[in-house]
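Student: Dock chain E against chain V, hints included.
Number of protein chains: 2
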Amino acid sequence: MKPVARWKIINSEFAIDNRWCKVRRDEVELPNGVRVDDYFVNVRPDVVLILAVTPDREVVFVRQYRHGVGEILLELPGGTFYADRETCLEAAARELEEETGYIARTWTHLATLYDNPVKDTNKIYIAIAENALEESYQQLDITEAVEVVRVPIAEIIEKIANGELTVAGTISALLMGLKYLNYFDIIPRESEPEKSTDSVNSDPTQND
Amino acid sequence: MKPVARWKIINSEFAIDNRWCKVRRDEVELPNGVRVDDYFVNVRPDVVLILAVTPDREVVFVRQYRHGVGEILLELPGGTFYADRETCLEAAARELEEETGYIARTWTHLATLYDNPVKDTNKIYIAIAENALEESYQQLDITEAVEVVRVPIAEIIEKIANGELTVAGTISALLMGLKYLNYFDIIPRESEPEKSTDSVNSDPTQND
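For the record, the sequence lines run as chains V and E. Our numbering puts the first residue of the first sequence at 1, with every later residue one more than the last. Our numbering puts the first residue of the second sequence at 1, with every later residue one more than the last.
Extracted from the complex, chain V is given alone in its bound form (with noise of 0.2 Å):
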């Protein structure tokens, strides 16, 4: 097997570099000595996502417009940062109570995830505010129009199954972050799966 080994980057320019997107096109030696003159990286700032819970057991998501899609979804709040400017949960305070109008008491810094890290080079952080609550007002730029949505923790996963919620960022966060604070139960089976058991076959030799 060839070794699974980082690149080293000869040479990079910027092929966009404007406010809203830095595309830098790097040429790249790679492990086994062949060259690539234009592999394409998106430059972009760290996001952070919040999870933020109230105390009547309900978590704050925000509906708004996608562009890069076209749809309108339903997500968690979240934002971008520079981590020299502001700390995560700094960034994640502030997206929230700009987006939402919500104030939180205790918050967490769960992880820190990556989105595409094949093309983009940004983290994104999932900050837990817990204690949540309406105490202040959204305050969106002119390009910015987002509906509050508060959803009950016990309907959440059945809006990650009917397809409601679609965004892995947004799914990976509920997942983590309610397991974490004790919201849910995660908990693998012993046993045998219950489901596909007709098309299961744990005897390879009776496929040949």
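Since the hints were derived computationally from the structure, they do not count as laboratory data. Quick caveat: nothing in here was measured; it's all calculated off a predicted structure. Be aware that a few hints might be false.
Derived lysine to any residue pairs resembling SDA-like cross-links, with alpha carbons at most 20 Å apart [claimed, not checked]:
| # | chain 1 | residue 1 | chain 2 | residue 2 |
| --- | --- | --- | --- | --- |
| 1 | E | K22 | E | D37 |
| 2 | E | K159 | E | V149 |
| 3 | V | K8 | E | T143 |
| 4 | E | K22 | V | V36 |
| 5 | E | K179 | E | E144 |
| 6 | V | K2 | E | H67 |
| 7 | V | K22 | V | T80 |
| 8 | V | K22 | V | N122 |
| 9 | E | K22 | V | H109 |
| 10 | E | K2 | V | H67 |
| 11 | V | K8 | E | K2 |
| 12 | E | K2 | E | G33 |
| 13 | V | K8 | V | N32 |
| 14 | E | K8 | E | T121 |
| 15 | E | K2 | E | V36 |
| 16 | E | K179 | E | E155 |
| 17 | V | K179 | E | I157 |
| 18 | V | K8 | V | V43 |
| 19 | V | K8 | E | Q64 |
| 20 | E | K2 | V | E134 |
| 21 | E | K159 | V | Y180 |
| 22 | E | K159 | E | R57 |
| 23 | E | K22 | V | H67 |
| 24 | E | K179 | E | T106 |
| 25 | E | K22 | V | N18 |
| 26 | V | K179 | E | D185 |
| 27 | E | K2 | V | Q139 |
| 28 | V | K22 | E | I16 |
In silico contact screen, one side only, chain V against chain E (beta carbon under 8 Å); selected entries [claimed, not checked]:
| # | residue |
| --- | --- |
| 29 | K2 |
| 30 | N18 |
| 31 | V34 |
| 32 | G70 |
| 33 | L113 |
| 34 | E147 |
| 35 | R150 |
| 36 | A154 |
| 37 | R189 |
Listing some non-contacts, in silico: residues in chain V with all C-beta distances to chain E over 12 Å [stated by the list, open to error]:
| # | residue |
| --- | --- |
| 38 | F81 |
| 39 | Y82 |
| 40 | A83 |
Think of the CB as a built atom: it goes at the ideal place given N, C-alpha and C, for glycine as much as any other residue.
Tutor: Below, chain E without anything else, positioned relative to chain V:
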């Protein structure tokens, strides 16, 4: 509140139109009449991620270098495809065999998610492969180096919690898929959570 509604594309052109990178620059009109003349969208092919489970209750992972973030990561196998050329399950079977050498008997399209619906056009199709066996061999191209790693289902939750699994699409597919297959139970708790009770305060007046 401003209405949550789709934007209208007034004009659209490619800022980069390369085989490996297509960046569209849209001039858009928002529902409130505001115009934005440089909204950038990455036009990307759809992705299929494969949750392949073996008869020994293991999940098939791949470990490889990801140049966007410059890290070696553990992820579910997957790849890009074009819906006008093959179905997501045909693409899934092809990618699983090419990347890992595994072939599966039972295939299910579980869900269709988004990575970054703000900036990217692509969807992520989640495919479930049951009764996967190593009956073929890796077929990698010269730029690929992929280590195949099998992980027992019982260790998945720990690997998400400890940060060994960090990609949102992979985490979503694992938690949704292992629940769908009845390997996991995800159960909302009825009682109050045990964590952070010191700082949770259900009476907002006490915080004034």
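Student: Take the hints in turn and mark each one as holding or not.
Tutor: Here's how the hints hold up against the structure:
A C-alpha spacing of about 18 Å is found between E/K22 and E/D37, which places the hinted pair at or below 20 Å, so the restraint holds. For the proposed pair E/K159 and E/V149, the alpha carbon gap of about 13 Å is at most 20 Å, so the pair holds. Straight-line distance between C-alpha atoms of V/K8 and E/T143 comes to about 13 Å, which keeps the hinted pair within the 20 Å bound. With a C-alpha separation of about 18 Å, the suggested pair E/K22 and V/V36 falls inside the 20 Å cut-off, and the hint holds.
For the given pair, E/K179 sits about 31 Å from E/E144 by alpha-carbon distance, which is inconsistent with the 20 Å threshold. Between the alpha carbons of V/K2 and E/H67 the distance comes to roughly 17 Å, so the proposed pair stays at or under 20 Å and holds. At most 20 Å may separate the alpha-carbon atoms for a hinted pair to count; V/K22 and V/T80 meet this at roughly 14 Å. Restraint check: the Cα-Cα separation between V/K22 and V/N122 comes to about 12 Å, which is no more than 20 Å; the hinted pair holds.
Proximity of E/K22 to V/H109 is assessed by CA-CA distance (about 34 Å); at most 20 Å being required, the pair is judged violated. Note on E/K2 and V/H67: the hinted pairing holds, with a Cα-Cα distance of about 17 Å set against a maximum of 20 Å. Proposed proximity of V/K8 and E/K2 is contradicted: the alpha carbons are some 48 Å apart, above 20 Å. Distance hint between E/K2 and E/G33 is fulfilled; the C-alpha atoms sit about 11 Å from each other, no more than 20 Å.
In summary, the hint linking V/K8 to V/N32 is supported, as the alpha carbons are separated by about 11 Å, within the 20 Å threshold. Pair hint E/K8 plus E/T121 holds up; C-alpha atoms about 16 Å apart against a cutoff of 20 Å. Restraint check: the Cα-Cα separation between E/K2 and E/V36 comes to about 17 Å, which is no more than 20 Å; the hinted pair holds. The suggested pairing of E/K179 with E/E155 holds, with an alpha-carbon distance near 15 Å, which does not exceed 20 Å.
With a CA separation close to 10 Å, the supplied pair V/K179 and E/I157 stays within the 20 Å bound. For a cut-off of 20 Å, the pair hint linking V/K8 to V/V43 stands: about 17 Å separates their Cα positions. The suggested pairing of V/K8 with E/Q64 holds, with an alpha-carbon distance near 15 Å, which does not exceed 20 Å. Taken as a hint, the E/K2 and V/E134 pair is honoured in the structure, with Cα atoms around 19 Å apart against an allowance of 20 Å.
Between E/K159 and V/Y180 the CA atoms are separated by roughly 14 Å; this keeps the pair inside 20 Å, and the hint holds. Annotation: proposed proximity of E/K159 to E/R57 holds, straight-line Cα distance about 16 Å (limit 20 Å). Simply put, E/K22 and V/H67 have alpha-carbon atoms about 16 Å apart, close enough for the 20 Å limit, and the pair holds. A hinted pair counts as satisfied when its Cα atoms are at most 20 Å apart, and E/K179 with E/T106 qualifies at roughly 17 Å.
At most 20 Å may separate the alpha-carbon atoms for a hinted pair to count; E/K22 and V/N18 meet this at roughly 15 Å. Of the pairs offered as hints, the one joining V/K179 and E/D185 holds, with about 12 Å between alpha carbons and a cut-off of 20 Å not exceeded. Of the supplied pair hints, the one linking E/K2 and V/Q139 holds, its CA atoms being roughly 12 Å apart against a limit of 20 Å. This hinted pair checks out: V/K22 and E/I16 have alpha carbons roughly 12 Å apart, not beyond 20 Å.
A least Cβ separation of about 4 Å between V/K2 and chain E falls short of the 8 Å threshold, and the interface hint therefore holds. Given the 8 Å rule on beta carbons, the hint for V/N18 holds: about 7 Å separates it from the nearest Cβ of chain E. Checking V/V34 against chain E: minimum C-beta separation of about 6 Å stays under 8 Å; hint holds. Using the Cβ-Cβ criterion of 8 Å, the hint placing V/G70 at the interface with chain E is satisfied: the shortest such distance is roughly 7 Å.
Checking V/L113 against chain E by beta carbon gives a least distance of about 5 Å; that is within 8 Å, so the hint holds. Hint status for V/E147 relative to chain E: holds, with the closest Cβ pair at about 5 Å, below 8 Å. The beta carbon of V/R150 is not positioned within 8 Å of any beta carbon in chain E (closest approach about 15 Å), and the interface hint is therefore violated. For V/A154, the interface hint holds, since its Cβ comes within 8 Å of a Cβ in chain E; the closest pair sits about 5 Å apart.
Checking V/R189 against chain E by beta carbon gives a least distance of about 6 Å; that is within 8 Å, so the hint holds. Non-interface call for V/F81 relative to chain E: holds, since the shortest CB-CB distance, roughly 15 Å, exceeds 12 Å. A cut-off of 12 Å between C-beta atoms confirms that V/Y82 is not in contact with chain E; the least separation is 17 Å. Even its closest Cβ contact with chain E, about 14 Å, leaves V/A83 beyond 12 Å, as expected for a residue assigned away from the interface.
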